[in-house]
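> Chain A is already provided as a structure; the job is to place chain B on it using the hints.
Taken in order, these protein sequences are the chains called A and B. The numbering of the first sequence is the numbering used here, which starts it at 1 and goes up by one. The numbering of the second sequence is the numbering used here, which starts it at 1 and goes up by one.
Treat the hints with care, as some may be off.
One copy or two, either will do: identical chains are not told apart, so a pair holds if it fits within one copy or between any two.
In silico lysine to any residue, SDA-like type, Cα no more than 20 Å apart, as pairs [what the hints assert, rightly or not]:
1) LYS185 with ASP53
2) LYS196 with VAL280
3) LYS299 with GLN114
4) LYS247 with VAL184
5) LYS299 with ASN89
6) LYS304 with THR22
7) LYS299 with ALA288
8) LYS202 with ALA288
9) LYS304 with ALA288
10) LYS175 with GLU225
11) LYS15 with ASP277
12) LYS202 with ASP171
13) LYS299 with GLU289
14) LYS72 with GLY85
15) LYS299 with GLY82
16) LYS113 with SER56
17) LYS15 with ASP255
18) LYS247 with LYS304
19) LYS185 with GLY19
20) LYS304 with GLN284
21) LYS273 with ASN64
22) LYS76 with SER2
23) LYS105 with ASP165
24) LYS113 with LYS185
25) LYS278 with ASP155
Think of the hints as simulated: they come from the structure by calculation, not from any bench. Just so it is clear, the structure is predicted and the values come from calculations on it, not from any experiment.
Number of protein chains: 2
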Amino acid sequence: MSILVVGSVALDTVKTPFGEVTDALGGAAVYFSAAASYFSPINLVGVVGTDFDENSLSFLKPRNVDLRGLEKAEGKTFRWGGTYGDDLNSRDTDFTHLNVFQEFKPVIPDEYKQSDFIFLANIAPELQLDVLNQVTSPKLVALDTMNFWIEGSLDALKQVLPKVDILIINDSEVKQLAEESNLVKGARIIQNMGPKVIIIKKGEHGALMVSEDFSFFAAPAYPLEDLCDPTGAGDTFAGGFIGYLAKCGNPTNADYRQALIYGSTLSSFCVEKFSLDKLVDLSQEEIAERFNQFWQMTKFEPAK
Amino acid sequence: MSILVVGSVALDTVKTPFGEVTDALGGAAVYFSAAASYFSPINLVGVVGTDFDENSLSFLKPRNVDLRGLEKAEGKTFRWGGTYGDDLNSRDTDFTHLNVFQEFKPVIPDEYKQSDFIFLANIAPELQLDVLNQVTSPKLVALDTMNFWIEGSLDALKQVLPKVDILIINDSEVKQLAEESNLVKGARIIQNMGPKVIIIKKGEHGALMVSEDFSFFAAPAYPLEDLCDPTGAGDTFAGGFIGYLAKCGNPTNADYRQALIYGSTLSSFCVEKFSLDKLVDLSQEEIAERFNQFWQMTKFEPAK
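Isolated chain A, as found in the complex (with noise of 0.2 Å):
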């Protein structure tokens, strides 16, 4: 089925300790749009300016990815910058130049209006909910935001929420949303504003899911030796966790449970090289190799 993704195409700028790129291709929707068209159609909406070289999008295309919403305005692309520290857990923000982004109103092109899913990456609260009031009747919503949002926009937020299937939200997010330091009482008290289901992403720890019912499914994140640029990680676990979800259509309490691996899979190639560079030409094979070494990982026997 098909995904409509609505957030940033951006160009970054990145420093880590294994090195550095200048207005490197970025964003929340590319990096979502790059992992999920690895098991469904795209249709992507966000906002370019003049000086955006298309081309750099062109691996999407064999993969369904629809950029017929990516609006090009006059002006400058949305450029981040970005170092981080040793261990990559900890990073500064170098400079934030909203550009064209700045003025972004999203306009859901009528084809794409009938979206069977809808991933509302982090933009402005008011602007996902008025993404929300363009389309017609999804069959799931899910949304990321940010402690920038909860702190600026929480109103507009609150009023999103109990539009929304999943929230995508990192955990010290949870923790400032729910107003309590419990992570676990934090997603039951988010569950109360509206989402069903909350997937918590701890970086390298993992991620957790709270389902409809209060029980959790936890997954490991990838133990990796070599990692390069941890940016767009969230944002690719999204990805993949949606368009698997996607492509299930219907997807049941297990599928959720695959979704949630092949994020992991796929954020755990993201950051093993910098930009979108390993996200754009990754094997079926390669991937369900990853996956199969999470369950590898995680496996073993219930007691007697």
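For chain B alone, coordinates are given in the frame of chain A:
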């Protein structure tokens, strides 16, 4: 098979957001024994002062914990005091009174010298080495240590590590001992110091086992809504883990995985109440039930 444990017996004064206890039973050897004795007989070596009430350990006797190696010395019992922060992930040490533990020189009773498994809890590496010199060809040796010894007694620690089969250590200590910010590379460096298996404890994020062939097994922590007191969770984890290995006798790779989940199971009980209150009278059914919740919480199907 029998397990020799050498470590502290203490009286802890602990404050958490959920209450406080004064001079409550604690110490690495006690937490370890309480957990391990659900699986295997224990020979305990430690020291207490004349102020210690031995009745507080009487719950261990029906579980085959031999206390003949618990020395009673002139003076006061080791006391530790600590206060935990709101999310229980940070703690301040209020005081450490070593008392009789200051002069502790472990003497292994003749009846203990042929113990099959040995757990060297977190004490000075020189003493850990001394214990190994007193025993007769154990089947398996496991060791815990901490930042204090990595900083202050690194040479002695590097002398004992080649004699150790399993190192049980937390994630920050791996990075410190290996002088490497990547956890996986760090584990590889430490394997080259001697231990075949590295068990990395990550607190609320679970545990990672790195096996002799450098394969991984990752386990989550149990998602608890009501944590009370994290004191002793690491030693309880070690107790469940080594206790189950000793029960197996000649553990296979699959047994090591089960053992890690038993460690996680026991430590999840430990933190639910203060001191050892929750470890006093668990039933085998309760343990198996929670173990199987770990199984439910992590299982998924391999990729086709």
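> Each hint should be assessed against the structure and marked as holding or not.
For each hint, the structure was consulted:
1. Proximity of LYS185 to ASP53 under the C-alpha cut-off of 20 Å is found in neither arrangement, the shortest distances being 46 Å within a copy and 38 Å between copies.
2. Proximity of LYS196 and VAL280 under a CA criterion of 20 Å is satisfied in neither setting, with 33 Å inside one chain copy and 38 Å between copies.
3. For a Cα distance limit of 20 Å, the shortest separation of LYS299 from GLN114 qualifies neither inside one copy, at 39 Å, nor across copies, at 34 Å.
4. In this homomeric assembly, LYS247 and VAL184 never come within 20 Å of each other (Cα to Cα): the closest approach is 29 Å inside a single copy and 33 Å across copies.
5. For the identical chains of this complex, LYS299 and ASN89 are neighbours neither inside a copy (28 Å) nor across copies (28 Å), given an alpha-carbon limit of 20 Å.
6. Neither within a single protomer nor between protomers do LYS304 and THR22 lie at most 20 Å apart by alpha-carbon distance, with minima of 56 Å and 39 Å respectively.
7. Taking CA atoms no more than 20 Å apart as the test, LYS299 paired with ALA288 passes in both settings, with 16 Å inside one copy and 17 Å between copies.
8. For the homomeric pair LYS202 and ALA288, neither the shortest alpha-carbon distance inside one copy (23 Å) nor that between copies (28 Å) is at most 20 Å.
9. Proximity of LYS304 to ALA288 under the C-alpha cut-off of 20 Å is restricted to the inter-copy arrangement: shortest distance 8 Å between copies versus 31 Å within a copy.
10. In this assembly of identical chains, the alpha carbons of LYS175 and GLU225 lie at most 20 Å apart only when taken from different copies (13 Å versus 30 Å within one copy).
11. For the identical chains of this complex, LYS15 and ASP277 are intra-copy neighbours only, at 15 Å inside a copy versus 50 Å across copies, given an alpha-carbon limit of 20 Å.
12. For the homomeric pair LYS202 and ASP171, the shortest alpha-carbon distances inside one copy (6 Å) and between copies (15 Å) are both at most 20 Å.
13. In this assembly of identical chains, the alpha carbons of LYS299 and GLU289 lie at most 20 Å apart whether taken from the same copy (15 Å) or from different copies (17 Å).
14. When the C-alpha separation of LYS72 and GLY85 is checked against a cutoff of 20 Å, the pair qualifies neither within a copy, at 34 Å, nor between copies, at 50 Å.
15. When the C-alpha separation of LYS299 and GLY82 is checked against a cutoff of 20 Å, the pair qualifies neither within a copy, at 37 Å, nor between copies, at 37 Å.
16. Neither within a single protomer nor between protomers do LYS113 and SER56 lie at most 20 Å apart by alpha-carbon distance, with minima of 26 Å and 69 Å respectively.
17. For a Cα distance limit of 20 Å, the shortest separation of LYS15 from ASP255 qualifies neither inside one copy, at 37 Å, nor across copies, at 43 Å.
18. Only between protomers do LYS247 and LYS304 lie at most 20 Å apart by alpha-carbon distance; the minimum there is 14 Å, versus 36 Å within a single protomer.
19. Taking the shortest alpha-carbon separations for LYS185 and GLY19, only the inter-copy value of 19 Å comes in at or below 20 Å, while the best intra-copy value is 40 Å.
20. For a Cα distance limit of 20 Å, the shortest separation of LYS304 from GLN284 across copies, 11 Å, qualifies, whereas the shortest one inside one copy, 37 Å, does not.
21. In this homomeric assembly, LYS273 and ASN64 never come within 20 Å of each other (Cα to Cα): the closest approach is 23 Å inside a single copy and 54 Å across copies.
22. In this assembly of identical chains, the alpha carbons of LYS76 and SER2 never lie at most 20 Å apart, being 30 Å within a copy and 71 Å across copies at closest.
23. For the identical chains of this complex, LYS105 and ASP165 are neighbours neither inside a copy (23 Å) nor across copies (61 Å), given an alpha-carbon limit of 20 Å.
24. In this assembly of identical chains, the alpha carbons of LYS113 and LYS185 never lie at most 20 Å apart, being 36 Å within a copy and 48 Å across copies at closest.
25. Taking CA atoms no more than 20 Å apart as the test, LYS278 paired with ASP155 passes in neither setting, with 38 Å inside one copy and 42 Å between copies.
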